[in-house]
Amino acid sequence: MAGTLPVPKTVRDKPSPTNPFARWSDRAINLFLLFHLFAIPIWCLPSDSLPLLVVRELVRPYFLWSGLFQSWDMFSPSPKRTNGYLEARLVYTDGTSDYWQFPRMDRLSQNERYLKERYRKFEEILTDDKFSDLWPDVARYIARHPPNGSKRPEMIMLIRNWSDLVRNADGSFTDLPWQSRVFYRYRVEPEDFNGQ
Amino acid sequence: MNAILALWNRFFFAEQSPVPLALFRIVYGLLVIVTILLLKADWISWYGTHAWMSLDTMRELEPGVRLNLFTILPKDDRSVIALFWIFLASAVLLTVGFLSRLNSIVVYLCLASIQQRNLYILHGGDTFLRVAGFFLIFAPAGAALSVDRLLRVWRGREQSGVPAHRLWAQRMIQIELSLVYFATFCWKLKGTAWMEGSALFYIFHLFELRRFPLPDLLLQPGILKLGTWSAMVLEFSLGTLIWVRRIRYKVLAAGLLFHLSLEYSLNVPMFQWDVLSAYLLFIDARDLERAWNWVSIRLSPWLGEPVTVIYDSHSERTRRLVNLLIAVDIFRRLVFKASDETRNQTAAEGEQNKRKLVIATSSGPCLETDAGRMLAKAIPLLWPLVPCCYVWKVVQNWK
Numbered sequence: 001m002a003g004t005l006p007v008p009k010t011v012r013d014k015p016s017p018t019n020p021f022a023r024w025s026d027r028a029i030n031l032f033l034l035f036h037l038f039a040i041p042i043w044c045l046p047s048d049s050l051p052l053l054v055v056r057e058l059v060r061p062y063f064l065w066s067g068l069f070q071s072w073d074m075f076s077p078s079p080k081r082t083n084g085y086l087e088a089r090l091v092y093t094d095g096t097s098d099y100w101q102f103p104r105m106d107r108l109s110q111n112e113r114y115l116k117e118r119y120r121k122f123e124e125i126l127t128d129d130k131f132s133d134l135w136p137d138v139a140r141y142i143a144r145h146p147p148n149g150s151k152r153p154e155m156i157m158l159i160r161n162w163s164d165l166v167r168n169a170d171g172s173f174t175d176l177p178w179q180s181r182v183f184y185r186y187r188v189e190p191e192d193f194n195g196q
Numbered sequence: 001m002n003a004i005l006a007l008w009n010r011f012f013f014a015e016q017s018p019v020p021l022a023l024f025r026i027v028y029g030l031l032v033i034v035t036i037l038l039l040k041a042d043w044i045s046w047y048g049t050h051a052w053m054s055l056d057t058m059r060e061l062e063p064g065v066r067l068n069l070f071t072i073l074p075k076d077d078r079s080v081i082a083l084f085w086i087f088l089a090s091a092v093l094l095t096v097g098f099l100s101r102l103n104s105i106v107v108y109l110c111l112a113s114i115q116q117r118n119l120y121i122l123h124g125g126d127t128f129l130r131v132a133g134f135f136l137i138f139a140p141a142g143a144a145l146s147v148d149r150l151l152r153v154w155r156g157r158e159q160s161g162v163p164a165h166r167l168w169a170q171r172m173i174q175i176e177l178s179l180v181y182f183a184t185f186c187w188k189l190k191g192t193a194w195m196e197g198s199a200l201f202y203i204f205h206l207f208e209l210r211r212f213p214l215p216d217l218l219l220q221p222g223i224l225k226l227g228t229w230s231a232m233v234l235e236f237s238l239g240t241l242i243w244v245r246r247i248r249y250k251v252l253a254a255g256l257l258f259h260l261s262l263e264y265s266l267n268v269p270m271f272q273w274d275v276l277s278a279y280l281l282f283i284d285a286r287d288l289e290r291a292w293n294w295v296s297i298r299l300s301p302w303l304g305e306p307v308t309v310i311y312d313s314h315s316e317r318t319r320r321l322v323n324l325l326i327a328v329d330i331f332r333r334l335v336f337k338a339s340d341e342t343r344n345q346t347a348a349e350g351e352q353n354k355r356k357l358v359i360a361t362s363s364g365p366c367l368e369t370d371a372g373r374m375l376a377k378a379i380p381l382l383w384p385l386v387p388c389c390y391v392w393k394v395v396q397n398w399k
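Chains A and B are the protein sequences, given in the same order. First residue of the first sequence: 1, per the numbering used here; consecutive thereafter. First residue of the second sequence: 1, per the numbering used here; consecutive thereafter.
Treat the hints as calculated values from the structure; they're not laboratory data. These numbers come from a predicted model, not from an experiment. Zero decoy hints are in this set.
Under the rule of at most 27 Å between Cα atoms (straight-line distance), these lysine-lysine pairs were calculated in the DSSO-like manner:
1) A/Lys80 to A/Lys116
2) B/Lys190 to A/Lys80
3) A/Lys116 to B/Lys75
Residues on chain B that point at chain A, a partial pick, calculated with CB under 8 Å:
4) Trp52
5) Ser54
6) Thr57
7) Glu60
8) Leu67
9) Phe134
10) Trp168
11) Val180
12) Thr192
13) Ile203
14) Glu208
15) Asn267
Where a beta carbon is used, it is the ideal one built from N, C-alpha and C, also for glycine.
With the sequences and hints as input, model every part of the structure.
If you want it as structure tokens, here you go:
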């Protein structure tokens with residue numbers, strides 16, 4: 001690839017023209033910079049004061065369109081305190097049933113875990129009731145990919161398994177026993193297999 | 001007011017070396033390539049017509065007009081697969097710096113599209129790649145270390161030195177990085193687990209996030225408490241003190257250690273590297289030059305004797321070729337001499353060598369194919385061409 005790494009002395013840190021707003025193109029760049037320097041921090045800093053909410057609503061269409069929306073609440077304000085995984089129970093027309101396992105991070109090899117990490121994130125979203133509109137799509141996907149490929153399921157049950165992590169008085173922590181709950185049932189329709 | 005304008009002007013519009021930006025472009029391109037390849041096995045599962053989540057559901061859950069190529073693609077998996085290959089090819093071209101501006105736009109469009117297609121499988125690193133990619137579109141990403149630059153040098157539009165550029169778009173990526181840390185710090189201030197020092201305990205005890213095992217010593221409540229607060233101090237420092245030139249490298253070094261420790265302990269693929277890539281933009285080009293000199297000097301014994309290239313300084317074509325070689329010769333393996341500087345060649349040889357490059361060797365001058373082969377062997381970036389030179393010679397001899 002091109003370009004010597006050494007920086008020629010003649011071109012180092014030349015001062016720019018004194019007035020940055022002189023040309024129309026410079027004016028446009030400056031407006032672009034001013035807008036983004038103003039809007040991005042307002043978008044991503046965790047404050048819900050009214051003026052900030054108003055500005056966020058004003059810039060929302062542009063941020064959503066351009067892809068500049070962002071949130072940096074990594075492991076915060078509180079990290080997750082529950083270990084968990086998802087599975088699905090498939091009931092076939094002949095009355096038999098089967099389990100469909102989402103990739104479980106603790107049972108995968110290092111390489112598989114690296115490849116399948118997005119499933120962990122997706123499962124985290126799926127267990128949140130806010131995203132219940134996702135459940136029919138997920139159930140349909142599982143119906144199209146049953147573990148027993150020769151049979152078509154008639155019912156899909158999404159099951160959440162979890163174990164809370166509790167902090168003891170002496171500073172140590174305990175994993176509580178595993179719990180399980182069916183959080184969604186989906187009756188599979190013949191048209192769910194259309195176009196497969 | 002004038003002082004503020006001058007400061008603004010200097011910060012955003014002072015012309016500087018684009019080499020750190022070019023390095024960032026290369027690393028950014030590589031990160032995008034790895035991200036795409038990691039997604040390859042599940043590409044259709046995430047983005048296909050019968051994916052985990054349909055496009056319509058995504059649009060219902062996250063309404064709004066968005067840059068998303070999936071909304072205009074034909075509704076079949078072939079187009080989704082084609083998008084994968086276009087995305088990958090464009091990321092490769094961006095990495096090598098060919099049609100850098102166009103490819104930065106294509107990469108951004110593809111990246112934004114796959115993220116908009118399924119927002120529920122993203123982590124912070126993906127978001128950072130997207131936002132940095134947006135500003136990279138406006139940056140002179142191909143100004144150095146790129147095929148674009150080689151072409152400009154060959155066409156005579158640039159000389160061997162890398163011209164300075166206004167790097168306001170690079171500044172926006174730098175600001176974005178510091179904002180990432182500062183916003184993260186502010187979010188943590190709102191969490192009791194962070195304030196009381198127990199946050200890291202929860203994080204390291206989530207089996208779904210674990211990567212490599214940590215020594216028991218590091219999992220003691222006292223150490224984890226210290227680690228929790230240290231992470232907050234570090235994130236605040238990286239969000240603010242990174243702008244203080246005097247201590248910048250110390251802050252960056254602490255950030256590097258912080259991210260490497262997270263890369264070891266937590267399974268969040270590519271996140272740490274995505275964020276670390278922007279550290280390159282905080283390195284002064286002069287320091288990069290010094291570091292590169294250090295590397296070159298240490299590598300030179302392994303690369304053999306420098307090669308002397310004699311060229312006709314009156315020939316425009318040869319001068320351009322020399323500029324091209326200087327641009328490619330990043331390990332400084334070549335010593336250039338204009339033919340009028342070389343006294344020991346006869347008039348007949350001088351006439352013969354006009355408009356040609358001559359490689360001076362102990363056994364006499366090398367010309368044409370032999371010279372090309374010697375250059376390819378001398379310059380590490382041209383090593384892939386060495387077999388081609390041999391094949392070319394065999395073909396010539398056969399003819």
